[in-house]
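Undergrad: Each chain is listed here by its residues.
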Amino acid sequence: MRPYTVVLIVPTGIGASIGGYAGDALPVARAIAQVCDRLITHPNVLNGAQLYWNLPNALYVEGYGLDKFAAGCWGLQPVHQNRVGLILDQGIEPDLRLRHLQAADATRATLGLNLTDYVITDAPLNVELRTAPSGASWGTIGNPDSLLRSAEVLIQQAKADAIAVVARFPDDLGSEALEAYRQGQGVDPLAGAEAVISHLIVRTFQIPCAHAPALMPLPLEPNLSPRSAAEELGYTFLPCVLVGLSRAPQFQVTRRQPGAIWAEDVDAVVIPASACGGSALLSLSQLRTQIIAVEDNQTSMQVPPEPLAIKAVRVHSYLEALGRLVIHRAGISADALSPSLSSMHNLSIY
Amino acid sequence: MTTHFITAEIDLQESPKQLHQAIETELQKQGEPLRWAVTAVDTQEQKAQVEAIVTNNDAQPSTP
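Respectively, the protein sequence lines represent chains G and X.
778 is the number of the first residue of the first sequence in my numbering; add one for each residue after it.
3 is the number of the first residue of the second sequence in my numbering; add one for each residue after it.
Here chain X stands alone, though its shape is the one from the complex:
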């Protein structure tokens, strides 16, 4: 397993629920989301900037 920092730009949505879903959907394209947050909002462009940690090659722990 490896941990990665990624950023994403998401269109603002009509409700927090829709925004939450849009963020998770976008992040899952790049790995399994571990931790994320909207860190800035551009109200003119109606965009949310998201920073996230995702993991890849998600394997069950096993004996070395």
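Same shape as in the complex, but just chain G:
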């Protein structure tokens, strides 16, 4: 029997009302994982800083890899475990660096993860944050070559199968964007730059990668939104990244091997209805994949499926999307579940 495979996308750094904060689309992923055989999703959905959830049938795929997978260029090869290499930005202060190393050690001792020795970049990465005209966050990295040299050492010398990066991000005390984010509003000001970092490594080395920012702890906020709260539990955002990478599928770049998953194996994609302009969705919409566009997960984008010629089923909520997935998997027509069902018509052959 064909495994029913769903891709869940909540694009990063566009203020998604569900999933635009501290891993707050994870409950959606948990629910979808219950109604499919395989769930493919990305770090923005599954990373909740020190919170995470083990979903045995979920595949943790970084955004650049997801785009390549959707385009049919790369396959996903599930693994039992990865040796995860850790890159620490030289710009991280000694105490903050030690916090991250202790977090990494904790995942080894308490969760049994397999980590290699770590690398400190040979120059500060110098991350700067920006906001695009659309409102999406992005950023620049002053020393991307230092990042890539570090990854090369971990892959070639330490035999790492996956790369976790901790870059020092600018502390943003008192900014309006940070204040809104802590109240569960606006756009995550860090997310776009995080994606640039992980995309660079995945594009260059074709192995799993994810990023956690290093920041000084924020002053206590009494009115903190539950959607943002997972990022204020401790000193690092690293545990969820290491957990995700420890079982992230490897990319099949050159030839097809048994057991790998390819774009044509995807049965359905779930996406916010206002954010249909990403590379992965444009690619998957060319296949026999059902696109389910969720209206009440609003974003800062204004890109519905229709003007891009994407044939999508619009639903109001993720609850409704779950119903759509269930009947799609079962081969039941949605029309049959509505009170009125019209009779068939005779098609003319002339």
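What the hints contain is simulated information worked out from the structure, not anything from laboratory work.
Hints are not guaranteed to be accurate.
[To be verified] SDA-like cross-link-like pairs, simulated, lysine to any residue; straight-line CA separation at most 25 Å:
no.	chain 1	residue 1	chain 2	residue 2
1	X	K19	G	V1092
2	X	K31	G	D1042
3	X	K49	G	K936
4	G	K1088	X	E16
5	X	K31	G	A909
6	X	K31	G	G849
7	X	K19	G	D1042
8	X	K49	G	P1084
9	G	K936	G	R860
10	X	K49	G	T908
[Stated by the list, open to error] Ranges between beta-carbon positions, derived for each pair:
no.	chain 1	residue 1	chain 2	residue 2	range
11	X	T4	G	L1124	54 to 64 Å
12	X	Q30	G	L1114	41 to 51 Å
13	G	Q811	X	N58	39 to 49 Å
14	X	N58	G	A1113	50 to 60 Å
15	G	D949	X	Q48	31 to 41 Å
16	G	S1110	X	T4	46 to 56 Å
17	X	K19	G	A1107	25 to 35 Å
18	X	Q46	G	R1091	56 to 66 Å
19	G	R860	X	Q46	49 to 59 Å
20	X	N58	G	A1107	33 to 43 Å
21	G	D1112	X	K31	16 to 26 Å
22	G	A935	X	I8	33 to 43 Å
23	X	K19	G	L1001	40 to 50 Å
24	G	L1010	X	Q20	38 to 48 Å
Quick caveat: nothing in here was measured; it's all calculated off a predicted structure.
We treat Cβ as the ideally placed atom computed from N, Cα and C, and that holds for glycine.
Once you have looked at the hints, place chain X on chain G.
TA: This is chain X only, laid out in the frame that chain G set:
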């Protein structure tokens, strides 16, 4: 290597596949695309607004 933010305006196409190809072709004029998305659509003018990160001087990592 340097990372750059760029924008582009692309004519809407008949299919998502054609639009994907048109975007990639346009972005490659300015660097190697790393991450992009259509961020707005003007249905009257039949244009898609694209925001992207591209990289330039794409060199293999080497020992400093």
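Undergrad: All hints are to be evaluated individually against the structure, with a verdict given for each.
TA: To see whether the hints hold, each was checked on the structure:
no.	hint	result
1	K19(X) x V1092(G)	holds, 24 Å
2	K31(X) x D1042(G)	violated, 33 Å
3	K49(X) x K936(G)	violated, 46 Å
4	K1088(G) x E16(X)	holds, 12 Å
5	K31(X) x A909(G)	holds, 20 Å
6	K31(X) x G849(G)	holds, 23 Å
7	K19(X) x D1042(G)	holds, 18 Å
8	K49(X) x P1084(G)	holds, 10 Å
9	K936(G) x R860(G)	holds, 8 Å
10	K49(X) x T908(G)	holds, 22 Å
11	T4(X) x L1124(G): 54 to 64 Å	holds, 58 Å
12	Q30(X) x L1114(G): 41 to 51 Å	holds, 46 Å
13	Q811(G) x N58(X): 39 to 49 Å	holds, 45 Å
14	N58(X) x A1113(G): 50 to 60 Å	holds, 55 Å
15	D949(G) x Q48(X): 31 to 41 Å	holds, 39 Å
16	S1110(G) x T4(X): 46 to 56 Å	holds, 52 Å
17	K19(X) x A1107(G): 25 to 35 Å	holds, 29 Å
18	Q46(X) x R1091(G): 56 to 66 Å	violated, 22 Å
19	R860(G) x Q46(X): 49 to 59 Å	holds, 53 Å
20	N58(X) x A1107(G): 33 to 43 Å	violated, 50 Å
21	D1112(G) x K31(X): 16 to 26 Å	violated, 47 Å
22	A935(G) x I8(X): 33 to 43 Å	holds, 35 Å
23	K19(X) x L1001(G): 40 to 50 Å	holds, 44 Å
24	L1010(G) x Q20(X): 38 to 48 Å	holds, 46 Å
In summary, the structure is inconsistent with hints 2, 3, 18, 20, 21 from the numbered list given earlier, while agreeing with the others.
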